[in-house]
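Visitor: Line by line, the protein sequences give chains A and B.
The first sequence runs 29 to 387 under this note's numbering.
The second sequence runs 29 to 387 under this note's numbering.
What the hints contain is simulated information worked out from the structure, not anything from laboratory work.
The reader is advised that the hints may include incorrect statements.
[Unchecked claim] Below, a sample of chain A positions facing chain B; criterion: calculated Cβ distance under 7 Å:
1. Leu153
2. Ile157
3. Arg164
4. Asp345
5. Phe355
6. Ala368
7. Ala377
8. Arg385
[As the list claims (entries may be wrong)] Now the stretches of chain A that chain B is said to cover, found in silico as 3 or more residues with beta-carbon under 8 Å:
9. 173–182
10. 189–195
11. 258–265
[What the hints assert, rightly or not] No more than 25 Å apart at the CA atoms, straight line, and that leaves these computed lysine-lysine pairs for PhoX-like:
12. A:Lys353 with B:Lys353
13. B:Lys342 with A:Lys342
14. B:Lys101 with B:Lys90
15. A:Lys342 with B:Lys101
For glycine and all other residues, C-beta sits at the position ideal for the given N, C-alpha and C.
Each chain, letter by letter, is given below.
There are 2 protein chains.
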Amino acid sequence: MVNVAVVGPGLVGQALIQQLLAHEVPGLALPLVGVINSRRMLTHSAPSGHLQPLASPGQWAKQLADAEAADLKAFVTRLAATPGPSVIVDCTSSLAIAELYPAWLAQGLHVVTPNKKGFSSQYELYAAIRAQTGPRRPLVYHESTVGAGLPVLNTLYDLVRTGDEIVRIEGVFSGTLSYLFNTFSSAGGNDAQAFSAIVAGAKALGYTEPDPRDDLNGLDVARKVVILARVAGLALSLEDLDVENIVPAALRTVATADEFMAQLPASDDHFTELNREAAAAGTVLRYVGTVDPRGRSSVKLVRYPFDHPFAGLKGSDNIIAFTTKRFASPLIIQGAGAGAAVTAFGIFADLIKVAERTA
Amino acid sequence: MVNVAVVGPGLVGQALIQQLLAHEVPGLALPLVGVINSRRMLTHSAPSGHLQPLASPGQWAKQLADAEAADLKAFVTRLAATPGPSVIVDCTSSLAIAELYPAWLAQGLHVVTPNKKGFSSQYELYAAIRAQTGPRRPLVYHESTVGAGLPVLNTLYDLVRTGDEIVRIEGVFSGTLSYLFNTFSSAGGNDAQAFSAIVAGAKALGYTEPDPRDDLNGLDVARKVVILARVAGLALSLEDLDVENIVPAALRTVATADEFMAQLPASDDHFTELNREAAAAGTVLRYVGTVDPRGRSSVKLVRYPFDHPFAGLKGSDNIIAFTTKRFASPLIIQGAGAGAAVTAFGIFADLIKVAERTA
């Protein structure tokens with residue numbers, strides 16, 4: 029049994045709660061004991077003050093809207109005072125929340141999260157989180173911070189903890205950039221569409237951030253590379269990475285997303301030329317993050333031969349290749365690396381691991 | 029801490045012991061307390077009779093050769109009587125050994141194994157093993173029974189335990205058959221070699237069983253499909269599968285492997301014709317196992333379009349695709365699915381999970 033409290037029930041948190049309530053895990057109880065957003069918090073306390081499972085968990089959203097004012101510190105104190113193991117699921121993308129993990133862990137709470145900030149911001153925060161965890165100490169699981177529910181980090185943790193040597197980690201870690209380049213540059217002949225038209229189409233479908241420059245600048249991919257590098261044992265931070273910002277230089281200071289989109293077609297020739305050169309060399313373009321333990325880790329546009337697994341990528345799938353001493357032919361994991369249901373799946377699987385390890 | 033005892037230290041068991049001794053897992057102790065093969069057994073007991081870590085574990089092979097006569101029952105009794113959690117690693121491929129798991133588990137021992145027999149033979153044995161395990165009861169991990177160290181079963185367990193719906197599991201699960209068909213039938217144009225020549229080459233390189241019919245009959249793949257199906261919740265056994273034995277009918281009763289190899293060229297036209305038809309349809313041939321929860325599960329030659337991930341498979345890699353309700357675009361795992369080092373890695377990672385859950 030492990031008590032579950034959710035911070036920041038947005039799309040992912042809602043999907044998680046839905047999965048938790050819809051499915052009972054044989055032999056393990058994962059009662060939902062609290063939900064908090066930036067305005068309200070919902071808990072259900074016994075006279076002792078200890079938290080109880082929410083009385084009507086299926087009604088949590090409705091009840092939260094009418095619940096008491098949010099006080100994260102009080103919420104965490106109630107959870108920590110409740111007997112039995114408890115886990116906080118941070119479904120925000122907030123650095124300020126991630127900065128609280130060391131204190132939460134020090135209070136004996138476990139942490140499961142898809143929030144990248146705690147693992148990819150200043151190294152001191154990462155080290156402080158690690159210092160509070162260990163085989164017998166509170167647990168931290170964050171599978172969904174890279175590739176959503178794809179078994180990327182659990183696999184990397186297994187490789188590292190069994191003493192395998194990481195030679196290289198390479199992958200397409202952004203569903204958005206996967207979609208853009210899979211559409212723009214494919215082994216089956218390049219699409220007639222201009223790059224700006226593909227970006228506009230993706231934006232219309234909701235595949236990009238509101239300002240697509242937040243995808244094209246590579247920062248989201250860079251955070252994932254930092255997480256992978258740190259799990260692989262490298263004391264690396266964002267500033268140590270070579271990140272290729274593919275937003276054309278002239279468009280980086282344009283004020284609004286709309287103006288950016290309006291001016292992007294002026295750069296189409298640039299992208300078309302890159303693509304033409306790649307195709308002439310029998311390759312496609314992919315926007316790839318690489319962890320290189322012996323050299324510079326990077327985020328950049330890379331060419332791959334038509335028969336490379338990255339060249340065959342479809343839709344908005346992520347793909348990651350681990351080359352290690354034992355896996356000389358890379359261990360590859362591929363599939364949907366974004367979306368509420370698969371992200372929630374990764375969190376749910378992490379929660380089961382916490383429940384098993386505290387059973 | 030968990031005491032580790034290895035049964036059947038062949039190539040995989042030796043690789044495992046080498047990995048265990050070469051690498052200390054931070055915060056977790058995995059002392060090697062016993063090794064047994066069919067002739068000898070090596071343990072090191074305190075005056076109390078309790079097992080101690082082997083005195084010079086690096087010398088285990090030499091010491092085993094001079095150790096006492098093997099008595100598996102006594103070996104297990106000593107292990108079960110030793111305080112603290114203990115795990116037996118069955119590195120044999122013996123059904124008779126696998127039939128002992130329920131009794132071992134009933135004695136409180138954990139089991140980690142790459143031996144497929146306990147999970148793919150009569151359903152009653154599988155059910156008896158499952159009946160002895162659970163969140164708080166002794167643990168069974170068998171990641172390396174399918175795809176060696178590739179994170180196949182842990183991923184499937186996560187999908188199932190979080191309530192995802194398995195729509196289809198499909199994969200190339202034999203390194204040998206992967207190699208044969210990747211060489212014979214590729215998107216880049218088919219090799220000029222006859223099928224029999226490719227089999228002969230693979231045999232010479234040690235890629236096949238001593239009698240290649242033990243690969244071509246599909247039984248090894250069928251066992252893996254049964255394991256996947258059972259983990260997915262289906263009460264399926266070998267006899268429920270449609271298995272395509274690609275050994276030509278006339279060659280199934282030929283007495284020796286040499287005679288089989290001598291007569292195989294007479295079937296080359298048959299395979300060449302299959303391959304030609306596949307290529308004409310823009311496809312390649314792959315020998316694939318499929319779990320279909322709503323229909324018949326099977327093991328057979330299947331055609332895949334040139335741009336399908338299975339068509340791009342190289343060398344002797346395994347590949348597996350999980351299609352689920354949440355992962356509508358399949359979750360794919362690919363890489364070396366055979367070999368002592370990667371099989372041992374899968375076992376080692378399982379041992380760490382046991383150690384963490386009993387910490």
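Visitor: It remains to establish, for every hint, whether it holds in the given structure.
Guide: Going through the hints against the structure:
Proximity of A:Leu153 to chain B is violated relative to the hint, the smallest CB-CB distance being about 20 Å (cut-off 7 Å). Taking 7 Å as the C-beta cut-off, the interface hint given for A:Ile157 is violated, the closest approach to chain B being about 15 Å. Hint status for A:Arg164: holds, given a least beta-carbon distance of 5 Å to chain B, under 7 Å. With a least beta-carbon distance of about 6 Å to chain B, the hint placing A:Asp345 at the interface is held under the 7 Å criterion.
A cut of 7 Å between beta carbons decides the hint on A:Phe355: the least distance to chain B is about 6 Å, and the hint holds. Nearest Cβ of chain B to the Cβ of A:Ala368: about 10 Å, over the 7 Å cut. The hint is violated. The interface hint given for A:Ala377 is met, as the beta carbon of that residue sits about 4 Å from the closest beta carbon of chain B, less than 7 Å. The beta carbon of A:Arg385 is positioned within 7 Å of a beta carbon in chain B (closest approach about 5 Å), and the interface hint is therefore held.
Residue count for the segment 173–182 of chain A with a Cβ under 8 Å from a Cβ of chain B: 4. That meets the three needed, and the coverage hint holds. Chain B is given as covering the segment 189–195 of chain A, and this holds because 4 residues of the stretch bring a CB closer than 8 Å to a CB of that chain, at least three being needed. With 0 residues having a Cβ less than 8 Å from any Cβ of chain B, the segment 258–265 of chain A misses the three-residue criterion, and the hint is violated. A distance of roughly 35 Å separates the Cα atoms of A:Lys353 and B:Lys353; the hinted pair therefore is violated under the 25 Å criterion.
Only pairs whose Cα atoms come within 25 Å are accepted, and B:Lys342 paired with A:Lys342 is accepted, the gap being roughly 19 Å. Taking the CA atoms of B:Lys101 and B:Lys90, the gap is near 23 Å; set against the 25 Å cutoff, the hint holds. Straight-line distance between C-alpha atoms of A:Lys342 and B:Lys101 comes to about 54 Å, which puts the hinted pair past the 25 Å bound.
When each numbered hint is compared with the structure, violations occur for hints 1, 2, 6, 11, 12, 15.
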